[in-house]
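A.B. asks: Spelled out from the first residue to the last, the chains are:
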Amino acid sequence: AQSVAQPEDQVNVAEGNPLTVKCTYSVSGNPYLFWYVQYPNRGLQFLLKYITGDNLVKGSYGFEAEFNKSQTSFHLKKPSALVSDSALYFCAVRENTGGFKTIFGAGTRLFVKA
Amino acid sequence: ETGVTQSPTHLIKTRGQQVTLRCSSQSGHNTVSWYQQALGQGPQFIFQYYREEENGRGNFPPRFSGLQFPNYSSELNVNALELDDSALYLCASSYGTSPSYEQYFGPGTRLTVT
Numbered sequence: 092a093q094s095v096a097q098p099e100d101q102v103n104v105a106e107g108n109p110l111t112v113k114c115t116y117s118v119s120g121n122p123y124l125f126w127y128v129q130y131p132n133r134g135l136q137f138l139l140k141y142i143t144g145d146n147l148v149k150g151s152y153g154f155e156a157e158f159n160k161s162q163t164s165f166h167l168k169k170p171s172a173l174v175s176d177s178a179l180y181f182c183a184v185r186e187n188t189g190g191f192k193t194i195f196g197a198g199t200r201l202f203v204k205a
Numbered sequence: 002e003t004g005v006t007q008s009p010t011h012l013i014k015t016r017g018q019q020v021t022l023r024c025s026s027q028s029g030h031n032t033v034s035w036y037q038q039a040l041g042q043g044p045q046f047i048f049q050y051y052r053e054e055e056n057g058r059g060n061f062p063p064r065f066s067g068l069q070f071p072n073y074s075s076e077l078n079v080n081a082l083e084l085d086d087s088a089l090y091l092c093a094s095s096y097g098t099s100p101s102y103e104q105y106f107g108p109g110t111r112l113t114v115t
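Keeping their order, the protein sequence lines are chains F and Z. If you want our numbering, it's the position in the first sequence, counting the first as 1, plus 91. If you want our numbering, it's the position in the second sequence, counting the first as 1, plus 1.
If you are wondering where the hints come from, they were derived from the structure by calculation, not from laboratory data. Source: prediction; values computed, not measured. Any given hint could turn out to be false.
Claimed, not checked - For lysine to any residue, the following SDA-like pairs were computed, each having C-alpha atoms within a straight-line distance of at most 20 Å:
no., chain 1, residue 1, chain 2, residue 2
1, F, 192, Z, 63
2, F, 192, Z, 52
3, F, 140, Z, 105
4, F, 192, Z, 51
5, F, 192, Z, 98
6, F, 192, Z, 96
7, F, 113, Z, 41
8, F, 149, Z, 105
9, F, 140, Z, 99
10, F, 192, Z, 42
11, F, 168, F, 136
12, F, 192, Z, 55
13, F, 160, F, 148
14, F, 192, Z, 45
Claimed, not checked - Here are the in silico distance ranges between beta carbons for each label pair:
no., chain 1, residue 1, chain 2, residue 2, range
15, F, 157, Z, 97, 25 to 33 Å
16, Z, 31, F, 105, 38 to 46 Å
17, Z, 60, F, 163, 19 to 27 Å
The beta-carbon is built from N, C-alpha and C at its ideal position, and this holds for glycine as well.
Let the sequences and hints guide you as you build the complete structure.
C.D. replies: Structure (structure tokens):
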């Protein structure tokens with residue numbers, strides 16, 4: 092069965108420092124991996140995805156994520172955090188066998204302090 | 002380009018009642034999925050509609066049903082409401098059913114069941 096784990100409920104970083112939000116996954120086939128961000132009273136916004144190819148994918152607002160097949164991880168990163176990056180981040184997985192179901196992690200709240 | 006819209010924004014219902022939530026997909030998107038997001042959790046997949054037919058369903062009982070219309074807008078109907086149905090209901094649209102497509106989310110409908 093598909094599953095996604097986000098081991099940290101909250102991540103705290105200072106503005107200007109690098110940030111990492113962790114995600115590990117489990118699927119029976121090859122994964123399609125996504126990161127979404129949710130601001131208060133808003134729906135989820137797509138940040139980036141890994142489908143195939145280069146393990147380092149770049150997305151919106153300076154975010155990037157590294158796919159690691161051996162560790163079944165897809166950590167979200169940003170070289171220099173902004174206060175405006177403070178939000179709730181969700182990792183999600185789909186199987187590439189034609190599956191329609193998207194499994195989301197429980198979310199990690201990122202707090203960037205000025 | 003018009004984004005995903007949902008109505009109403011908020012709704013309060015009594016246990017046992019029925020509710021209908023509405024979603025207009027993003028322009029050009031023919032696939033709509035519905036999710037339930039309980040407080041402090043990630044979105045849970047309810048079902049997906051493509052070309053007016055349900056083509057995938059998560060672990061939700063039959064009292065959760067839906068429709069998709071020729072213009073790709075969609076409705077989520079929930080019968081015999083229970084207190085645990087209180088949640089944020091998110092609609093998401095995409096270009097098609099391929100698992101590689103990212104989804105575009107609406108702002109959600111906050112349902113409270115008393």
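A.B. asks: Decide, hint by hint, whether the structure agrees.
C.D. replies: Tested hints:
no.: 1; hint: F:192 with Z:63; result: holds (17 Å)
no.: 2; hint: F:192 with Z:52; result: holds (17 Å)
no.: 3; hint: F:140 with Z:105; result: holds (13 Å)
no.: 4; hint: F:192 with Z:51; result: holds (13 Å)
no.: 5; hint: F:192 with Z:98; result: holds (10 Å)
no.: 6; hint: F:192 with Z:96; result: holds (15 Å)
no.: 7; hint: F:113 with Z:41; result: holds (18 Å)
no.: 8; hint: F:149 with Z:105; result: holds (18 Å)
no.: 9; hint: F:140 with Z:99; result: holds (13 Å)
no.: 10; hint: F:192 with Z:42; result: holds (17 Å)
no.: 11; hint: F:168 with F:136; result: holds (16 Å)
no.: 12; hint: F:192 with Z:55; result: holds (12 Å)
no.: 13; hint: F:160 with F:148; result: holds (14 Å)
no.: 14; hint: F:192 with Z:45; result: holds (9 Å)
no.: 15; hint: F:157 with Z:97: 25 to 33 Å; result: holds (27 Å)
no.: 16; hint: Z:31 with F:105: 38 to 46 Å; result: holds (44 Å)
no.: 17; hint: Z:60 with F:163: 19 to 27 Å; result: holds (23 Å)
The earlier numbered hints are all upheld by this structure, with none contradicted.
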